[in-house]
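Q: Sequence:
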Amino acid sequence: MHDHAGGAEAVPRCVSAGGCQDGWDHRVMTLCSRDVPAAERFSWFCELVARDMAPHDIVTEHVQDFSASATLLSLGEGIGVSSVAFPAMQSIRSRRLIRRSDPELWVLALVVKGAMQREQGRNQVNPRPGDLVLYDSSQPYWASIATDDVAQSIVLHLPRRTVPVPEQALRRMVATALPSRTGIGALLSQLLGGLVEQGPKLEAGQTGRVASAVVDLTTAFLAGLSGADGPQTTAARRVAQLHQIKSFIRSRLGEPGLTPTAVAAAHHISLRALQYLFREDGRTVGAFIREQRLERCRAGLADPRLAGHSVAAIAVRAGFCDAAAFSRAFKARYGMPPGEYRRHCGGPPSQGRAGHTG
Numbered sequence: 001m002h003d004h005a006g007g008a009e010a011v012p013r014c015v016s017a018g019g020c021q022d023g024w025d026h027r028v029m030t031l032c033s034r035d036v037p038a039a040e041r042f043s044w045f046c047e048l049v050a051r052d053m054a055p056h057d058i059v060t061e062h063v064q065d066f067s068a069s070a071t072l073l074s075l076g077e078g079i080g081v082s083s084v085a086f087p088a089m090q091s092i093r094s095r096r097l098i099r100r101s102d103p104e105l106w107v108l109a110l111v112v113k114g115a116m117q118r119e120q121g122r123n124q125v126n127p128r129p130g131d132l133v134l135y136d137s138s139q140p141y142w143a144s145i146a147t148d149d150v151a152q153s154i155v156l157h158l159p160r161r162t163v164p165v166p167e168q169a170l171r172r173m174v175a176t177a178l179p180s181r182t183g184i185g186a187l188l189s190q191l192l193g194g195l196v197e198q199g200p201k202l203e204a205g206q207t208g209r210v211a212s213a214v215v216d217l218t219t220a221f222l223a224g225l226s227g228a229d230g231p232q233t234t235a236a237r238r239v240a241q242l243h244q245i246k247s248f249i250r251s252r253l254g255e256p257g258l259t260p261t262a263v264a265a266a267h268h269i270s271l272r273a274l275q276y277l278f279r280e281d282g283r284t285v286g287a288f289i290r291e292q293r294l295e296r297c298r299a300g301l302a303d304p305r306l307a308g309h310s311v312a313a314i315a316v317r318a319g320f321c322d323a324a325a326f327s328r329a330f331k332a333r334y335g336m337p338p339g340e341y342r343r344h345c346g347g348p349p350s351q352g353r354a355g356h357t358g
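Numbering of the sequence shown is given in the UniProt record's numbering, commencing with residue 1 and proceeding in unit increments.
What you were told as hints is all true, and nothing was included just to trick you.
The list that follows gives simulated cross-link-like pairs (lysine-lysine, DSBU-like), each with its CA atoms no further than 30 Å apart: (1) 331 to 201; (2) 201 to 113; (3) 246 to 201; (4) 246 to 331.
If you're looking for bench data, these hints aren't it; they were derived computationally from the structure.
Assemble the whole structure, with the sequences as input and the hints as a guide.
A: Laid out in structure tokens, this is it:
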């Protein structure tokens, strides 16, 4: 980060229940260099990187015509996801800058667009779009981005304390291309892309659960690659298996035959083993299925795009075949019948048979 960098502050466009502040205290912030006078855009970008990521020295041939944008999503407890678009540049994080400020993060970058080169420790990598690259904010590194247009990356910031994988094992993986097209790496890449797209739509109470899912899946991914045997690796594999099973359940909520027995059979494990996985998560398989179905219904009832669908139809699409049982379960969880909840959200009054479910 250039020590002399100064200039105007871009006006952020925020989606946040608690308003917008500097740093990552808010939930979502979108920034664009177009909101800054042209002569000050490069300095603005340097300050943005220093404040919301970590200080860097940045060199570019585009100082006079600099164009960049960033969407920053905070999940709480120092966990964040950012989508950043920028022109060709070189970026250096030196020991001097680390001594000046170190957020102590493991940073996982998903390359979306542009040719890049990164060095850290003894490793050097030329990641392609779709690759995942890990780096350590507490160790020096260098990056070069070559593009005739705009490069883009989605970057996950995880405080070191949240990743229970031996640091020595992780440091062997920095500045290498990590597998991202199959297995857990593919799941993680999809999750990061989905967070950028859906982050502004998250409700304030959902970010904690999303953060847990992000940390669990990232830990499973890195532990599996580390080759470290022991309780941490075993636990990480259980976390990954549980995440995959939950994704399977969410994708099939509309199937009435979605039961714990069916889920166990689909994953070639015993019902007892499935129940054990969920017991560690603090709930039963059946309770998770019911919670997800109710949440699917709640979101549908609040969605103006589904205003033409009856309450009963929304319930059936989420796997509820018994209207009375659905109404009781919904009221028990959300404090009001589904029809009343829809009206509370500004939706249409229930009609016909659907009125009996609310």
